[in-house]
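Chains as they are written, first to last, in the working numbering: chain B, 1 to 284; chain G, 1 to 166.
None of these hints come from the bench; they were simulated from the model. Hints are supplied without guarantee of correctness; some may be wrong.
What the hints assert, rightly or not - List time: in silico DSBU-like cross-link candidates among lysine-lysine, alpha-carbon distance up to 35 Å:
hint	chain 1	residue 1	chain 2	residue 2
1	B	K24	G	K41
2	B	K24	G	K104
3	B	K242	B	K82
4	B	K242	B	K101
5	G	K104	G	K160
6	B	K267	B	K82
7	B	K162	B	K101
8	B	K242	B	K274
9	B	K273	B	K128
10	B	K162	B	K267
11	B	K162	G	K104
12	B	K24	B	K164
13	B	K274	B	K24
14	B	K267	B	K242
15	B	K82	B	K101
16	B	K101	G	K41
17	B	K24	B	K128
18	B	K24	B	K273
19	B	K4	G	K104
20	B	K24	B	K162
21	G	K104	B	K242
22	B	K82	B	K19
23	B	K19	G	K41
24	B	K19	B	K4
25	B	K267	B	K128
26	G	K41	B	K82
27	B	K101	B	K267
28	B	K164	B	K4
29	B	K19	G	K104
30	G	K41	B	K267
Unchecked claim - In silico contact screen, one side only, chain B against chain G (beta carbon under 10 Å); selected entries:
hint	residue
31	L25
32	M211
33	D244
As the list claims (entries may be wrong) - Distance windows between CB atoms, simulated:
hint	chain 1	residue 1	chain 2	residue 2	range
34	G	S148	B	Q8	21 to 31 Å
35	G	E116	B	E141	23 to 33 Å
36	G	E26	B	P179	51 to 61 Å
37	B	A127	G	D103	52 to 62 Å
38	B	P248	G	R133	49 to 59 Å
39	G	N4	B	E11	47 to 57 Å
40	B	P113	G	E95	34 to 44 Å
Quick reminder that beta carbons are idealized off the backbone N, C-alpha and C, glycines included.
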Amino acid sequence: MDDKFLYQLYEDPQPEFVKNLGQKLTESPYSKVAQDTKAGSFISRQLTSRRMALALVALTLTFALVMTLSPAVRAAVIDIIKTITIRGTTVWVNDDVPAAKGEGESYSVIWTPINPGDISTNYPDFAKLPTWIPPGYVLQERAALFGSMIQDSPDSALVEWKNKHGGTIQLTVSEGSCPNGQVWESGERRSDCGRMVYLEVGSEYQPEILMIHDQPALLFPDFQILMDLSDPILEWNPYRVKYDNRNPEALFLIWESDDMTFEIATKSPTIWKKDLIRIAESIP
Amino acid sequence: MDWNAIYESQIPRIYNYFLYRICNRELAQDLTAITFERAWKARRKYNTIIASRSTWLLGIARNVLREHFRRNRTIENETEPIQNNEQLPSTLNLEQSLQEQQDKELLQSFLLELPEREHDLIALKYGAGLSNREIARTTGLSESNVGSILHRTVTSLRRKYEQRHG
Numbered sequence: 001m002d003d004k005f006l007y008q009l010y011e012d013p014q015p016e017f018v019k020n021l022g023q024k025l026t027e028s029p030y031s032k033v034a035q036d037t038k039a040g041s042f043i044s045r046q047l048t049s050r051r052m053a054l055a056l057v058a059l060t061l062t063f064a065l066v067m068t069l070s071p072a073v074r075a076a077v078i079d080i081i082k083t084i085t086i087r088g089t090t091v092w093v094n095d096d097v098p099a100a101k102g103e104g105e106s107y108s109v110i111w112t113p114i115n116p117g118d119i120s121t122n123y124p125d126f127a128k129l130p131t132w133i134p135p136g137y138v139l140q141e142r143a144a145l146f147g148s149m150i151q152d153s154p155d156s157a158l159v160e161w162k163n164k165h166g167g168t169i170q171l172t173v174s175e176g177s178c179p180n181g182q183v184w185e186s187g188e189r190r191s192d193c194g195r196m197v198y199l200e201v202g203s204e205y206q207p208e209i210l211m212i213h214d215q216p217a218l219l220f221p222d223f224q225i226l227m228d229l230s231d232p233i234l235e236w237n238p239y240r241v242k243y244d245n246r247n248p249e250a251l252f253l254i255w256e257s258d259d260m261t262f263e264i265a266t267k268s269p270t271i272w273k274k275d276l277i278r279i280a281e282s283i284p
Numbered sequence: 001m002d003w004n005a006i007y008e009s010q011i012p013r014i015y016n017y018f019l020y021r022i023c024n025r026e027l028a029q030d031l032t033a034i035t036f037e038r039a040w041k042a043r044r045k046y047n048t049i050i051a052s053r054s055t056w057l058l059g060i061a062r063n064v065l066r067e068h069f070r071r072n073r074t075i076e077n078e079t080e081p082i083q084n085n086e087q088l089p090s091t092l093n094l095e096q097s098l099q100e101q102q103d104k105e106l107l108q109s110f111l112l113e114l115p116e117r118e119h120d121l122i123a124l125k126y127g128a129g130l131s132n133r134e135i136a137r138t139t140g141l142s143e144s145n146v147g148s149i150l151h152r153t154v155t156s157l158r159r160k161y162e163q164r165h166g
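Next up, chain G with everything else stripped away, as it sits in the complex:
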């Protein structure tokens, strides 16, 4: 197994899965680190489970998240808006940057209101970048069920987003 290749290719996927689930950059990093530590320790046995790297790692990631939720009954006190903190915006871009920030915060608030299953599927689709078929393998749902749940959820989110977004 080329661990470095797996690490490089999969860390954005795992990190963004957590980011979409908990909407907190620092916590997403923490949980990503735990996930890769477990994967690292289990890497020699990687071949005994489903051989898709993303499915393997996301299986670990989802367990890590469940353990985190169990220990922290609510995530409300840990959730904070993801700030665009890479650099300060220039004056010309200030308005646009503020708007983008507000859009993100709005979307995060909608995601955090979703039921567990819908939120998980959204994170797997848009954070981890899985196809509906891969999500079905990861979650045990049928592919058609994944598709219909996602369609319903995205439609609902878009409606709320557009209403609030104006």
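Just chain B, same shape as in the assembly:
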């Protein structure tokens, strides 16, 4: 493919710009560097916390993480006061995790809308619907399928229930697990581990370890991570989530079973821990 003509726009950044920006970053790391370098107003709005965004990325890009993280990299995190590892899920507990609430969006994760019935018909591996859901909740017609639709090989599916008071339940079923133990063992990654999830929480919001169908599970209190399925359908649907790591109405549960990973996220003042466990245990 003759594409040489496309390289003609490439140029090295001006040395003065590189030098000035580098100095400003290292000398005054929390100043508005971009404003100093003529960025104007573009700098002003950021997410309240990168940490939640990173957690969201970690939740969804798990396969990539399998390929790239190492114990040495993890060890570089210096302010973790506790690490909880259950199968493929690792939780970093940190005294310094600030409140984070808002919406995140990632084009790195693309989803395809699908009807739950079509999941059952065409992708039965992901059709793991619970037989019990709290009264008043209705299965929504729009669900999400993640993965390469071009090759017709999804790796994850999400279904949603809502009630008329705004309560939401989302169940995500994903391929891959760490059936034989935690991801990292004796300094090496287990070869049979197909999925990893990393989360970071404040010390006052540590997860509780439960058992779901005799499998260990992690229940995160006050942790909201709900996908937004309401967008108009486009060719590319970005993965958008509404997150809040201080929401007393939210719960998040994750566990592995039969080489699949299950996640249930809820937001409702009337869904309690016992309800979440009942939903999880009703999944056949």
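Chain G: place on chain B using the hints.
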């Protein structure tokens, strides 16, 4: 993390990604600065996401660009030809320099007419210098899809470029 090494090695990549996307040198510098400021603030948590430096930084850069586009519905009024302004050309090189400048402007105009996705892939490939596999990781597309979109786009661009270029 050796921040200085990352900064030195990655700033041309990020800057050129923006340059290919918006075809405006000053704005490319501004957005590059925002990207590195965010990366600097998040550098201690760098290890919790995809560990490729370029993927990490380009993820930030693409978010910065999207925010910029949201606030500025159109980029037309900000787009101006990239001038070869490092130094004035000598008389002998004047004709060649003018021709190069016209070629660049022509290419910029074609890039700015591309659909969002095609333009992004071109910027990731020729500005940021990513391989098709890295682009696939960055965008969530499959590698084969990246390859076919790029091939189609480059072929179309070359045809238009050669027609106009004579």
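Are K104 of chain G and K160 of chain G close enough, with their CA atoms no more than 35 Å apart? 13 Å, holds
Taking 35 Å as the top limit, are the C-alpha atoms of K242 of chain B and K82 of chain B close enough? Answer holds: K242 of chain B to K82 of chain B is near 26 Å, not above 35 Å.
Hinted pair K267 of chain B and K82 of chain B, Cα distance within 35 Å: Holds, at roughly 27 Å.
What's the verdict on K4 of chain B and K104 of chain G, does the C-alpha distance respect the 35 Å limit or exceed it? 13 Å, holds
Under the criterion that the straight-line Cα-Cα distance not exceed 35 Å, is the pair K19 of chain B, K104 of chain G satisfied? 27 Å, holds
CA of K19 of chain B to CA of K41 of chain G, is that 35 Å or under? Status holds; Cα separation ~18 Å.
Honestly, do P113 of chain B and E95 of chain G meet the 34 to 44 Å range at C-beta? Violated - the Cβ-Cβ distance for P113 of chain B and E95 of chain G, about 56 Å, lies outside 34 to 44 Å.
Keeping to a limit of 35 Å between CA atoms, is the pair of K273 of chain B and K128 of chain B held or broken? 20 Å, holds
Given the hint that K24 of chain B pairs with K128 of chain B, does the C-alpha gap stay at or below 35 Å? 52 Å, violated
Does the alpha-carbon distance linking K101 of chain B and K267 of chain B stay inside the 35 Å limit? Between K101 of chain B and K267 of chain B the Cα gap is close to 14 Å, so the pair holds against 35 Å.
Given the proposed pairing of K24 of chain B with K273 of chain B, does the C-alpha separation stay at or below 35 Å? 48 Å, violated
Between K162 of chain B and K101 of chain B, is the straight-line Cα distance small enough, at 35 Å or below? Between K162 of chain B and K101 of chain B the Cα gap is close to 21 Å, so the pair holds against 35 Å.
Hint check: violations occur at hints 11, 12, 13, 17, 18, 20, 21, 22, 28, 32, 33, 38, 39 and 40; the rest are consistent with the structure.
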